[in-house]
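Student: Starting from the known structure of chain A, fit chain B onto it as the hints suggest.
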Amino acid sequence: MTAVLEIEGLRKSYRSRRRGTRNALDGFDMWVEPGQVHGFLGPNGSGKTTTLRTLLGLIRPDGGRMRLLGHEVPADLSAVTGRVGAIVESPQFFPHFTARETLSLLATAGQVRSSRTDEVLELVGLRDRSRERVKTYSLGMKQRLAVASALLKEPRLLILDEPANGLDPGGIREMRALMRNLSDAGTTVLLSSHILAEIQLICDSVTIISLGRRVAFGPVEKVLAAHSAGTVRVRLEVVADLPAASEALTRAGFRVTREPDHLMLAGVEKAAMVTRLLAGQGLYVSELVWVDADLESVFLELTATAPAPGQSRQVDQSAKPAAVGPSSTGGWGS
Amino acid sequence: MSLYRAELRRLVLRRLTRWATVLGLAVLATVAVGVFLSNQKIDDAARARAEVAAEQDWQQQVRQSEEIRAECEQAAARGDQSGRFPRDCSGISPPPRDIFPAEQYLPATFDFRASFGGTLIAPAAILALVGFVVGSSFVGAEWNTGGMMTMLLWRPKRVTVLLTKLAALLAGLLALAVTTTVLWFGGFWLIATTRGSTEGMTAGAWQSFALTSLRGVVLVLVAAVLGFGLASLGRHTAMALGGAVGVVVVGQFGLGVLLKLTGAKFVEAWLLPTYVQAWLQKEVVLRNWQSCQVNPFGQCEPETLTLTWQHTSGLLAAGLVLILGGACWAIRRRDIS
Chain A
1 MTAVLEIEGL RKSYRSRRRG TRNALDGFDM WVEPGQVHGF LGPNGSGKTT
51 TLRTLLGLIR PDGGRMRLLG HEVPADLSAV TGRVGAIVES PQFFPHFTAR
101 ETLSLLATAG QVRSSRTDEV LELVGLRDRS RERVKTYSLG MKQRLAVASA
151 LLKEPRLLIL DEPANGLDPG GIREMRALMR NLSDAGTTVL LSSHILAEIQ
201 LICDSVTIIS LGRRVAFGPV EKVLAAHSAG TVRVRLEVVA DLPAASEALT
251 RAGFRVTREP DHLMLAGVEK AAMVTRLLAG QGLYVSELVW VDADLESVFL
301 ELTATAPAPG QSRQVDQSAK PAAVGPSSTG GWGS
Chain B
335 MSLYRAELRR LVLRRLTRWA TVLGLAVLAT VAVGVFLSNQ KIDDAARARA
385 EVAAEQDWQQ QVRQSEEIRA ECEQAAARGD QSGRFPRDCS GISPPPRDIF
435 PAEQYLPATF DFRASFGGTL IAPAAILALV GFVVGSSFVG AEWNTGGMMT
485 MLLWRPKRVT VLLTKLAALL AGLLALAVTT TVLWFGGFWL IATTRGSTEG
535 MTAGAWQSFA LTSLRGVVLV LVAAVLGFGL ASLGRHTAMA LGGAVGVVVV
585 GQFGLGVLLK LTGAKFVEAW LLPTYVQAWL QKEVVLRNWQ SCQVNPFGQC
635 EPETLTLTWQ HTSGLLAAGL VLILGGACWA IRRRDIS
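Protein sequences appear in the order of chains A and B.
Throughout the first sequence, residue numbering follows my numbering, covering 1 to 334 in sequence.
Throughout the second sequence, residue numbering follows my numbering, covering 335 to 671 in sequence.
Hint data in this document are derived by calculation from the structure and do not stem from the laboratory.
It is possible that part of the hints are untrue.
[To be verified] To give an idea of the interface, some chain A residues facing chain B are shown, with a C-beta separation under 7 Å as derived from the structure:
id, residue
1, LEU56
2, LEU77
3, SER78
4, ALA86
5, GLN111
6, VAL112
7, SER115
[What the hints assert, rightly or not] Pairwise CB distance ranges (calculated):
id, chain 1, residue 1, chain 2, residue 2, range
8, A, ALA75, B, ALA537, 53 to 63 Å
9, A, GLY20, B, ARG352, 44 to 54 Å
10, B, LEU347, A, ASP76, 26 to 36 Å
11, A, GLY125, B, ARG666, 34 to 44 Å
12, B, GLY580, A, ARG127, 41 to 51 Å
13, B, THR638, A, THR21, 52 to 62 Å
14, A, ARG129, B, PRO607, 41 to 51 Å
15, A, ARG127, B, PRO607, 45 to 55 Å
16, B, LYS616, A, THR21, 50 to 60 Å
17, A, GLU221, B, LEU347, 22 to 32 Å
18, B, LEU656, A, ASP76, 24 to 34 Å
Glycine is no exception: its CB is placed at the ideal position from the N, C-alpha and C atoms.
Just chain A, with the same shape it has in the complex (with noise of 0.2 Å):
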């Protein structure tokens, strides 16, 4: 099947005086399938937003190869532009235009029909309020409209950067179905967000991103079951001992999470090696429960982020694969 969205071995580096150069997409691989929403996760600072704006033609790579729709980008975007709608980050907007006035200056911009402007206000509930001043809008509104304004060009492809930022659960909700909606009706969306669950019950296939690499992709829940073997929760008879615990388990090479009536390990074949340990220590289980992981589980432990008590993270603290490890599923071209 032809992909929408191709990209393969994407480099881009920033080079500064002071700090040196920083890669901020270091041979980043991506493939979105006809008709799927796809979730793209990755910190703050891991190449998502720049991985979008070179797609879209906003910043120059410095190598790989992209193509959207079949043809290549940047070269060809032009081509392909009138098909892909795309918001970038947070919604920008001239503040003293109306929401009708701004949408109606992109349709005679990108020659689309004027009525398109009233369907994609009433699609994103801003019919009534589409004559006032988007400077008097809340980001929530803002947000509406700049969904609205990537939905004017009826796009084959829709690439949404934080688009629930700011939205009201109910707003939240809208969101999910519309996207839903659209990929039913054949739209591809690929989704840039930060609320996992969001992700997790609306996308059908994710991309990881971590320090400019692909860390994971592929079906959701083939992400979720490839991470979720050897999960368990273990609670002790005594709060007080999961210190000595989490010490004794880490030290055996399990991978502890600490939570503060809990631990969470990883890495588990056996669960009788955890309490025989444990025994063995004088620290007596309670309770032992294997669990499936979720999204927000998984994208924690792929991009090494999860908070650990005492120490603050700096913003590129996070984990960079040498390759696309053997944690990844799915392949280029498959």
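Tutor: Chain B alone, transformed into the frame defined by chain A:
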């Protein structure tokens, strides 16, 4: 074409465009009203009043000179040696009548042929300022608010987007400048008709006014392009406005002071307003009074330097190529983030 139409509409919708236009036109209207109020039509009654005023002034001068001569003669009779009066009191004579011409006592009147050319600098200067501010804001605000990025998501050919935006700006300003110039001609023709004279207008005079106006319109467009280019280079309106302030303060006042201190010849030749003046008045003759040497007849003949509108056109062309070329290069090469 659709992008051009959208940009033209965006230009007209912008508040700054509207306010700057209204403010510029208000200033020009104030100038025209001021000229109207400070001039009068010269009719027979006005000439008669001027004759009377001239005669009265002359009579008063005659009376004063007779009184002074009488005082002089009395002082001479007293043997006054104070030196307040000349030895020969017959030398004190009344002024001749012809140095009090009635024309000097006529009220100000607007002679279209003699005065209209000088007024053309007002619309050119005001609209050039409007063009610079609107031009810089038209693209600077788009960069600043992210509108340019949004537009490039729709039309990815960056240089085409920038130049289409510029074309819309220039079309809008051309319409404004031409309309204002026509109104300026009409308004001052009306002023001359009601408060002065339209006599002596020849085809040559009309041609001269038309060419001056044309150069004024070109100046407006060039100012807009420079503002637009600077704001695009800096991706912010403040870049153009700050640059303009910098040029005025450092490049003009500072340079002027420095050149005067170093005793440089033709200091004005380094200052931009001189070139604007040369552009609008066809030429400016600069004089170096430092080199003024008294010739055997006692007259000063300073060294001169003539700057013509052709010199200015070279300067403007160089500025346009540098700034607009730089803006096109920058939008093509630099990342948009």
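Student: Hint by hint, which ones does the structure fall short of?
Tutor: The structure breaks hints 6, 7 and 17; every other hint is satisfied.
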